[in-house]
Structures are given as structure tokens and as C-alpha cells.
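> The residues making up each chain are set out below.
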Amino acid sequence: MTDPVWPMLLGRFTWDSLPFVRAWHNPTTNELIAAAAGGIVVVSGIAVLVLITVLRRWRWLWTEWLTSLDHKKIGILYIVIALVMLARALVEANLMRLQQAVAVGNPGFVAPEHFAELFSTHGSIMIFFMAMPFLTGLINYLVPLQIGARDVAFPVLNAISLWLTAAGAALMMASLVIGRFSTGGWSGYPPFTEIGFNPGVGPDYWIWAVTLGSLASTMTGINIAVTIYKMRCPGMKLMRMPLFTWTSLCTAILMIFAMPPLTVATALLALDRYLGFHFFTNALGGNMMHYANLFWMFGHPEVYIVILPAFGIYSEVVSTFSSKELYGYKSLVIATMAIAVLSFTVWLHHFFTMGQSASINAAFGIATMAIGVPTGVKIYNWIWTMFRGEVRFTTPMIYALAFMMTFVLGGLTGIILAFPPLDYIVHNTLFLVAHFHNMLIPGTLYGLLAAYTFWFPKVFGYRLDERWGRISCLCWIVGFYLAFMPLYVLGASGMARRTQAVMETAYRPWLYMAEAGALILLCAFAALIVQLWVSIRRRGANDVFVGDPWDGRALEWSVSAPPPEFNFARLPHVDQAHWFYDAKRKYAPYAPPIAYHDIWMLRNSAVAPVIGIASGAATFGLVWHMWWLAIFGLIVIFAAVVARSFVRDTHRVIPASEVARIDESWREATARAQPVPREIETSPANQGLALVRS
Amino acid sequence: MASLAALLLLLGGCGALDLGVMNHAGPVAADQWRLYKIVAVVLIFVAGPVLLLVPLIAYHYRLDNKDDAYRPNWGFSWSLEALIWLPPIAIVAGLGVLLCDATHQLDPYRALPSKQPPLEVQVVALDWKWLFIYPDDGIATVNQLAVPVGRPVHLSLTSGTVMQSLLIPQLAGQIYAMAGMRTQLNFAADRPGVYRGLNTQFNGAGFQHQKFSVVAMPDREYRHWLTLRAADGQPFDDNVLKSLMQKSVAQRPLFFSKVPPGLFEHMMMANMQKEEAIR
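As you go down the protein sequences, you meet chains X and C in turn. Going by the UniProt record's numbering, the first residue of the first sequence is number 1, and it counts up by one from there. Going by the UniProt record's numbering, the first residue of the second sequence is number 1, and it counts up by one from there.
Note that these hints are calculated values from the structure, not bench results. Backbone N, C-alpha and C fix where the C-beta goes; we use that ideal spot for every residue, glycine too. Among the hints, a few may not be true.
[Claimed, not checked] Coverage of chain C stretches by chain X, computed from C-beta distances (three or more under 8 Å per stretch; other residues unrestricted): (1) 16-22; (2) 65-72; (3) 84-93; (4) 128-141; (5) 175-187; (6) 215-228; (7) 242-254.
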């Protein structure tokens, strides 16, 4: 069972690599869980293929989605990936908490190695394949609309980024079915992940999944930054951009500068593992400290990569649902930029305990606290935005309020951790785990879910069910507090993170509480699915084709829902910030343009899916030492890029008559719609036309 | 049900915190806990306004409340701007001074002030156990660190394997142990007792069992303990070293005598020269 099978063809594959075989030979709960997880991946994969075949949707899927270069469709696909991965990582979190709650003074039901795989995949997925694709999807969808553009600057590159992310996510999924994942945590610290200590496929899965994700994010960063610099519509000066676009720009800049250190770190680790280099080994002059520096030079800005877009989302949500101008727009922009710059000056606080001098620790500790200032300022900006407004407690707004109250607690514990002497006590304990979840759940996840609820009507043309949205929101909030507040206590009591079994019975009640919270978080996700289901069924009643259900401020609300593929029948000319909001009050925003013109849009291209699938295959080959597959994949990637460069006929024309037909039918709907007052905006009376009050 | 849960938390919960820095047993942990309380009090003033203002303003300016001013186009005020930027800057500046001072005071490399010379102990992190070498007494232990009460202890740490992190919650904060490198940690125990020590950096399947106890005893008992260990400890030879380097969990503490001089330096440098075994 442990001998390689056809090593020339299948590399390191043995029958034992399959969780099903392991479970057959050794049917413990631990192995059965692994086999069930692998089974779910295989069965649901087959089910999706069968469903598409039975419904005869292959051609539709290929032409409408997989080869599309439309930034909106790419954005939606990113978010689909994120939601699938969120489901998996959430289940893993529940397994870990259940194991810890059960395993007080006994080994529990998840074996140590398996537990280590769980925390490694949970972290890697939540960061690289949940938070990153989700926010990249939102940025992709919204930024061109908010700046009055028809697409991003480099649509093909955009599609390639999506497909590289998908390949990375697929690699994560493959590790459930074939082989085992890394046990080195999401940060993959060597020398533990070096070949001398971990010769298996696990760290290689981690290396290549993360490398694909980091390359995709670097290219996304370049794409978004160039889009915002070069593609703004006439009159859209930088200081007129909506705040979400600003935070997207900061995130893009951070991606450009912060992702390469990660790519370099994983590449050097790969050199160590594949070619016997000694960058981070114990022997022959290797030094893992270099890895720690490289990784956190990425890792700390990464925190802001995932949090800044959420700050933009909250700015839009709070301003819209208070029906008020955002307080201190300029100071928010300055604060965002300050955070982006400062985020590169604090990485060392991730390893205060590595033995450097007190002066170095103190310098980085103070820099860490300094970054709290612009962050704190932002919270007050949102408070003063509500001040003298008309606040409605809709689902996105509840997320925003819960975020402000919860995030500030995470900020407090962040200041505590910024003190090196206090960090010495709680570093690597559950206190730290509680802290970063306290930042990332309100700071990223709530923001992403607020955005999902807020912009869903724009993307699909109907509102999400408000009741189930609130149930889900409530579960995310209650679940968070129950799951993570106990971890602060446990951390202060000296419980190490990543502990598979617990010897101290005093920890038990807190572990029970955390497990209860984890279950509620799972319910929150279930409620989200129910909400989606209910909303799809009632989409007729909640239709908002006119496109402005919340009396929105930025340009994306000035077009139909969903927007036409060309976004704007005529590119807008703006003369101030929140031009659309003002236009609704002063001019006739729905007046047709004087003339329609032909619009040039990009044709579909298969190059991105080909590159994505080939890079997935190549990296899978590298993981398993199937060298032929790796070489074949790389050749296909190269050939695809060369072939694409010969394609001349890249554009197609949407004739002016077609543009006029689409646009006029929307304007007619606009004229027919009943304006909805704020009081009943969450009722079916909302047809997407806001009643304008000044 | 709820009251039962609350009772459970009271009984079990307080017990949990007793395992941590709150129940400190030495000057370093005591200072850390004091610092903790100072920072916590300051932070109440940072979080307090947000925690009060968010619900207050959101509720007061709700849509149903028609009595209040509605100023949709108001979005800036210099005085408010000063109010939200200056106090946080002042607080961070103040905390920065405190931080700088505390970081130097509680630098793990800084020797504790004392009339007695510190007890030198060398620590080697292994998979999944801790080796403590007493170079001045020629003995070594696994998973038990005996120290005399009141006398400062100076640890030198390295790793014979992957990186690990040593933490004794009731006595001192943690420091990494890395192969080929030496880190240091100073602490002392104020009162006799057995304190929990652990590795907090995940290092494989036996990680959760890699605990050790710090036994703090009065000086006379400590001396007795030393002679006992020198008498009953297994002589430390190459076979012992080889078996310690194996991946294993030590079920109970082990004791060794006749420890060769320079063992710590040897184990620290061992990895540097040899190529790692590739399975």
C-alpha cells in the first residue's frame, strides 16, 4: 500500500494516498472523517458535471462565463469560489473546536496530524481562497462601475488572475482527495516545512496553492491600480472617487508590493525542497529567520489588503443608510493611505519573541500602535456620518454597527499585543488567535457580507430577503462573541494555539462555550444559503431592475440592475463627488443621452481557462513529482500566451441601435416605476427607484 | 440551564486563569501583569467613547426619530477633526513612552537585579520534549526544571530540531529556541510551587504533550535535589543523546548525571555542519 504506483507516470502516488483506502484499512473516526471529506469533494464535483450535462448548459457555461472577459462576470465567479471555500473552512473550524471540546484529558476523535492539516487548511483557505477572492470579486465588479469605465485596464490579465486563483483553490480541494495537506499552519514556517522534517506532499500542496494565489493577487493589484489611474470617466478626479474605490486603490498598491515577498518566500522554500538548496534549513548556513521576515513582510500588509476594502464598504453602507454625506472624506482618504504606508513598517511584531534587541522590539511596537491612530479615526468618521442622519437598521447597516463595536475590542487587544513584554505572555496562544479573528471577522467577513447584501440587488436585479439576512447577521455576531471571547481567557491562561488535545480540565467550560459559538457561526452560513434560496424564489416580488434601491450615491447605482455588459450606454461626465446623488436632486438623472454610439467590447477568450487548467495541472504534477505533467503544463501555458499574441480579432462591436434598444427599455422601466420612500425600502414596494428627498 | 452554565464557568473558569500570568509567581510575570493592568485601564478610555457613541448615535438618529436635525450635506468640521485625531495621537505617544521603557525593563535578555549570581540552565528543544542542562552541576533533566526560590535563573536556549517556543505563563514570557542559535531568558520564582511550562510553537504530532514542570523549591531542598540527581541520574552518553534525538514524548521526567561539558554548544552546532537526513 505504501509503494509508489507506476512512479514514472504517477510520481509519488501510493494507494495509501487515498483517504478511502486508509479508511478501509483503518476505519477509525479520524480516517472516516477524512474519507467523508474526500467523498464530498468527489461526489459534489461529479454532481456538478452531471447537472451541467443534463441541463445541456456546457456551451452556455463556456461562452457566457468561463471565457468571458466581462469584469462583472469575473467578479461574480471570484465570489462563487470564495463562498464554496468559506463553507469548507467553516466546517473545518467546527471540527477543530469540537475536537478540542471533546479532547480534554483524552485524545478525542481527530488524530494530531489530521488536526494539524485542519488548522493549516482553515487558515490558508480563509486568507488566500476566501477573503482574497471575495474582495477581489467585489473590487472587480464595482470599481469600473464606480469610476465610470466599461471594463478594467487589462481584461485578459484579469481573467488569468481569476483562473490562477481557481487553480489554487482546486489544489486545496485536491489535497482532500489525494494525499495530505501541510501540517505547517497557514504561515508554513520552516524548518518544520523543510524536506528533512516533512518529506511528504503536504508542504508542496501548500507552497503551490499559495504561490498560485499570490501570483494572481499581484496581477490583480497591477490591474486594479492601472484601472483606477487610467480609466476614470471625464471629470472623475481622484478626490471625487467613492471611498470604496479609494480603498481598492490602496489595496491594489499593497498587493503590488506585498505579494512578491510571499511569492519569493514560497519559491525559495520550493528550491530548498525540490533542488536541495539551503535557504531556510538548519544545516549548511540556512536560516529560517529570513523566511519569517519575508513572510511577514507580506503577512502584515496582507491584513490591510483584506481589511481596507471592507473599510470602503462600510463607508458606502453607513453613508447610504444614514442618507448623509460621508463625514471627513478627505481625512478618510488620508487615513487609508497612512494605513497602507504604515502597514509596511510593523511586520516584526509577528515575532517579538525571536530574540532581537529590546530597542528593535520597542520601535516596531510603537509603529504598531501608531497604525491604530488612522484606524481609530475611521471609526469616528463613520460615527459622525450617522450624526444628524436618518439611520435605517438594514442588514448591511447592522453588520457595519456590529463591526464598529467589535473591531474596537480587537483593536484594544492589538495594542496589548503591540507591547512586546505583553506579547511574550500571549504570543502563540489562543489570545493571539482570538485577536486576529476579532480583527478579521468584523473587519473583513462582516464587510464582505455587508457588501454582498448591499450590492446583490445591483448585480442580480433583485433584493435579498431581509428577514433571513438579519437572522444570518445576528448569528454571525452572537457566534463570533461566543466562539472567540473564551479564547482570550484561554490564551491568558496559557493555552497554546494549534493544540489537538488539552490536559487542563480548567479549560473545559471555555472550550464548550467556544464550540457553541462555532456551531452558531455554522448556522449563520446556513442562514445565508437559506436567504439566497428564498430570495431566488421570490425574485419577482423583489425586482429592482431600475437599479437604485437604496438611494445610492456613486455611479454604479445610476445604471440598470444588472448593468448592461457595456455598463454605461454613454460614459458619464461628472463634475463633483457623488455626482449621481446630487443629480437625482438637481437634474434629471434618467434623461436619455442625446445620441447613441457603437460600443467596442472584448470578444471572449479561452486563453485564461487554458492557462488556469494548465497551471493547476503543472503544480499538481510538481506536488506529486509527476514531472511529465509539470513540463506539459508549463508548455501549454507558454503556448497559450504565444497563441493569444497572434489573435488580432479581439473586439466586437455592439451597434448603436442595440445600445439604444437596451438603454431605452431600461429608461422606460424607470419612467414606469414608483419611487420608494426610505421607510419601506426593504418591502416589495421597492422597485429600484428611490424617492428623492433633499 | 443558563444558571448551570454560569455556575460551570465560575467554577471552571476562574481555575483556568489561575494557570496564567494573573496568578504570577515571580518578579518578571508580576511586572508583566502590572503592565497589563496599566495598559488595560488606558484602553478603556480609547474604546469607551466608541462603545458608547455607536449605539447612542445610531439609535438617536434613526429614521423614525423625526425631532432631530437632518443635515444630509454636512460632512466636515475642523474642531471635530481635531477631536478625533489629537487625543489618539496623544494616547499613542504616551503609551509609546511606556512601551519603550517597559520593553527595556522586561527585555528577556536583561539579567534580573539580585545579590546572588544567576543559576545557569541550558535548554535544548527537542521533538517533543525539553532537555535542561545544568552545566555547573553536570546534570541534566528532561521535562523538569528545578530552580531555587528567590535566585534568578538565566536560560540559554537552542533547538536540536525545528523552531520551538518556551513559555512558563506564571513565571516568564516566551522566547523562541532555534537550531544553530542561542536565545536567552531571565526569570525567577518568588514562592515554592510547581509551575506549568510548555512549547507554544507547533512542531508535529506530539506537540500537545510537550509540557514540562518548573519546580521551585527553597535553596536547601534544591541542593538536596541536585545531589539526588547526581546520584540517581542515568549517565549521559551517546546512546542517551541518540534516543533523545528521536521523535518521542517523554511520559515522565528523566534525569541524567555525568553530562559532558559543552553538550549545549555541541547540540547547538550539530545541525550546522551535517546535511539533514533525507528520508
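> All hints are to be evaluated individually against the structure, with a verdict given for each.
Hints, one by one, checked against the model:
As drawn, the segment 16-22 of chain C meets chain X at 7 residues by the rule of a beta-carbon pair under 8 Å; at three or more, the given contact holds. A count of 5 residues in the segment 65-72 of chain C with a Cβ less than 8 Å from any Cβ of chain X is obtained; the coverage claim is therefore met, three being the minimum. Evaluation of the coverage hint for the segment 84-93 of chain C: fulfilled, as 5 residues show C-beta separations to chain X shorter than 8 Å, against a requirement of three. Proximity of the segment 128-141 of chain C to chain X, defined as three or more residues with a beta carbon under 8 Å from a beta carbon of that chain, is not established by the 0 residues found.
Remark: the segment 175-187 of chain C is confirmed as covered by chain X, as 8 of its residues place a Cβ nearer than 8 Å to a Cβ of that chain, reaching the required three. Coverage of the segment 215-228 of chain C by chain X is violated. Counting CB-CB distances below 8 Å, 0 residues qualify, and the rule asks for three or more. Counting residues of the segment 242-254 of chain C whose beta carbon lies closer than 8 Å to any beta carbon of chain X gives 0, which falls short of the minimum of three for the stated coverage.
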